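Enquirer: Starting from the structure of chain L, add chain P where the hints point.
These protein sequence lines are chains L and P, in that order. Each residue of the first sequence is one higher than the last, beginning at 1 in the working numbering. Each residue of the second sequence is one higher than the last, beginning at 1 in the working numbering.
Just to be clear, a hint being listed does not mean it is correct.
One copy or any two copies: either way a pair holds, since identical chains are not told apart in the list.
Unchecked claim - Calculated cross-link-like contacts (lysine to aspartate or glutamate; reagent style DMTMM-like; alpha-carbon spacing at most 25 Å):
#, residue 1, residue 2
1, K122, E110
2, K81, D51
3, K327, D119
4, K81, E307
5, K358, E236
Keep in mind that the hints were calculated from the coordinates and are not lab data. Keep in mind it's a predicted model, so treat the numbers as computed, not measured.
Single-letter residue listing:
2 protein chains.
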Amino acid sequence: MDYKVIATCSDSKARAGVITTDHGEIMTPIFMPVGTVGSVKAVHMSELRDDIKAQIILGNTYHLYLRPGMDIIEQAGGLHKFNSWERPILTDSGGFQVFSLSENRKLKDEGVTFRSHIDGSKHLFTPEKVVDIQRSIGSDIMMALDECPPGTSDYQYAEKSLRLTQRWLERGWKHFNETSPRYGHRQAFFPIVQGCTYVDLRQDAAKHVADLGAEGNAIGGLAVGEPVDVMYDMIEVVNEILPLDRPRYLMGVGTPANILEAVDRGVDFFDCVYPSRNGRHGHLYTNRGHINILNAKYEMDDTPIEEGCQCPACRRYTKAYIRHLLKAGEMLGMRLCVLHNLYFYNHMMTEIRDAIEKGEYASYKKKKLEGMMEFDLEAPHDGYNIARNWRKG
Amino acid sequence: MDYKVIATCSDSKARAGVITTDHGEIMTPIFMPVGTVGSVKAVHMSELRDDIKAQIILGNTYHLYLRPGMDIIEQAGGLHKFNSWERPILTDSGGFQVFSLSENRKLKDEGVTFRSHIDGSKHLFTPEKVVDIQRSIGSDIMMALDECPPGTSDYQYAEKSLRLTQRWLERGWKHFNETSPRYGHRQAFFPIVQGCTYVDLRQDAAKHVADLGAEGNAIGGLAVGEPVDVMYDMIEVVNEILPLDRPRYLMGVGTPANILEAVDRGVDFFDCVYPSRNGRHGHLYTNRGHINILNAKYEMDDTPIEEGCQCPACRRYTKAYIRHLLKAGEMLGMRLCVLHNLYFYNHMMTEIRDAIEKGEYASYKKKKLEGMMEFDLEAPHDGYNIARNWRKG
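If we strip away everything but chain L, and leave its shape as in the complex, we get (with noise of 0.2 Å):
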């Protein structure tokens, strides 16, 4: 995996890349839908790729890892081969969603033991299995197995956690090294820095994951319940120390406005299930903020969510269609609002791009969120003030 920065701002952190991988490139800043069990909810992949013209997606391993399971997938020839999205995927660790998920889990130094949220049945995460089970799906990018505090942790806590993390991040870069692709094609591992919201503990996660020389690296245990402004700091703090010449990847983030806030401080990837999960409820992010389609407002109203649009859903429809659609319970209207959610963070994504290039970040950023804050008393503000993570998939 190669990564190459083309174009930096004078005026903020922001910085435009190309990754180039056996999957071909991705663009940098970057949005990742999430596909947690090999499909972006909802989503073709004809959709995903010339719709919404994403250029990598997420998947989870924890979901794949208990279905369909490894056998299927390697019998498949990898997820690539199973679920037919040629272009990039990255993989998280399955870790998160053993947390957030599951059941009876149990922390020891070898690993994390727990139940299927499916079906009771017993697992066992080490460092070293989350390599090889991320070996067997054949993902661009893998990711370490950490574990992630929440964001209101006490400093022991989050210490005791962090040496846990350091320790499984050193047996699992081992593990990377000591083994092999299984497809043919080559895979990255990418180590995570987490420290909770303590500065001193996140400097000391972040120059250790620098020293290991990984190809990208990750900052992971934010928008868990922090408020919004620390999680910039800590960004700031932990990208300080995080080598330049490598992507970094914020796990699991965010608002349309956390992503320009993190750009700014030199963030690359992202990923959040905000776009879908806001959209199969109506939520639907615009240039004006969010708009809640079920507001009684909208029952007459024949424009399309977002005036100039070109997502699949505004080219032809109209608010109260959607929103008869979605009151009606019918599946096509949260395709519509997802289609639109992940178009609106993809084009956005674009724009970013576009703007870093142009050395006009500061003032495209200032001028997107002066914008969204039009309709932002109408929906829940999930996010806008205090972030909050739950990739739950």
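Expert: Same frame as chain L, but now just chain P:
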């Protein structure tokens, strides 16, 4: 609305024709996907047009009347504008759903009172009112209000019911001729032949309907519990009387085999929820018969649902992946299965038209029916033996 027969068969009553409406041509015999509340469940209008190549869809008056309601549809300028479907639309009268879905319905000479299955509100459908509603919807083909008695009704009830249907038909026909389209395009009105499984009642009903001289005629009250051979006999009895120079619509029918047999007996129009509803449950139509994709034997099957099929599911995905999506409760799985089934039905209608035009319908039908027997032990025999008809959407 104009109808022209363009080919007939020497060895059957099958005929191919073309109907011209103000929303374009319909090549018959044709299958209409069911778009209950204005949307064919899970399917995007562009898929319906470009992938499935549907020429006409069916909307349910009962559903549209209750939700979104006529205010919203009129405000949009009719259903075509509301749901963005530019091709022809047929609406039923709503009567069938009143009998199958709503509570506390009361049949009177005036019409039928019922309570909404959504909110319990009380409504009255009269023969005149369902014409008015369909004028508001703006469908290209409207249907008369009728009562559809169970396929097992005794003679006395069937006759009493038919007389009511006939009185309603005369009132509806009169009202249709005294009212005008609202949106500038022509609307046709099809009367419906009832009469249960009694030859003399069916003949009486067919004569009464034929005498009206409507632009097309429908056969209702079949595939509602009677043996399939009785259904075929009734079609023959009725089609002896209905005029040859008007299209004939067999309502709510049916399986691929039912359609092949009914075309053989001179039917031109079909609608049925089987392809979409069965698709949502993973029951798939193929040229070798039904398959149930949830069957364990497809767990690692890396072939498409049907080799050579040009539907969006078969062009891209394997049985193993689609099965995984359904097992994981993913919307995309249902959507792919619905697309496949609707494509199968629509593609079969293309084959049927080709065979009629080539004068080879009898041999085509024989071969198609034999082929479909291969897999038929594997899935429920919905309608291969007994045709059932629940057009609940």
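Enquirer: A separate judgement is required for each hint: does it hold in the structure or not?
Expert: Going down the list of hints, with the structure as the test:
{"no.": "1", "hint": "K122 with E110", "result": "within (15 Å within a copy, 65 Å between copies)"}
{"no.": "2", "hint": "K81 with D51", "result": "both (21 Å within a copy, 23 Å between copies)"}
{"no.": "3", "hint": "K327 with D119", "result": "between (33 Å within a copy, 13 Å between copies)"}
{"no.": "4", "hint": "K81 with E307", "result": "between (37 Å within a copy, 17 Å between copies)"}
{"no.": "5", "hint": "K358 with E236", "result": "within (23 Å within a copy, 74 Å between copies)"}
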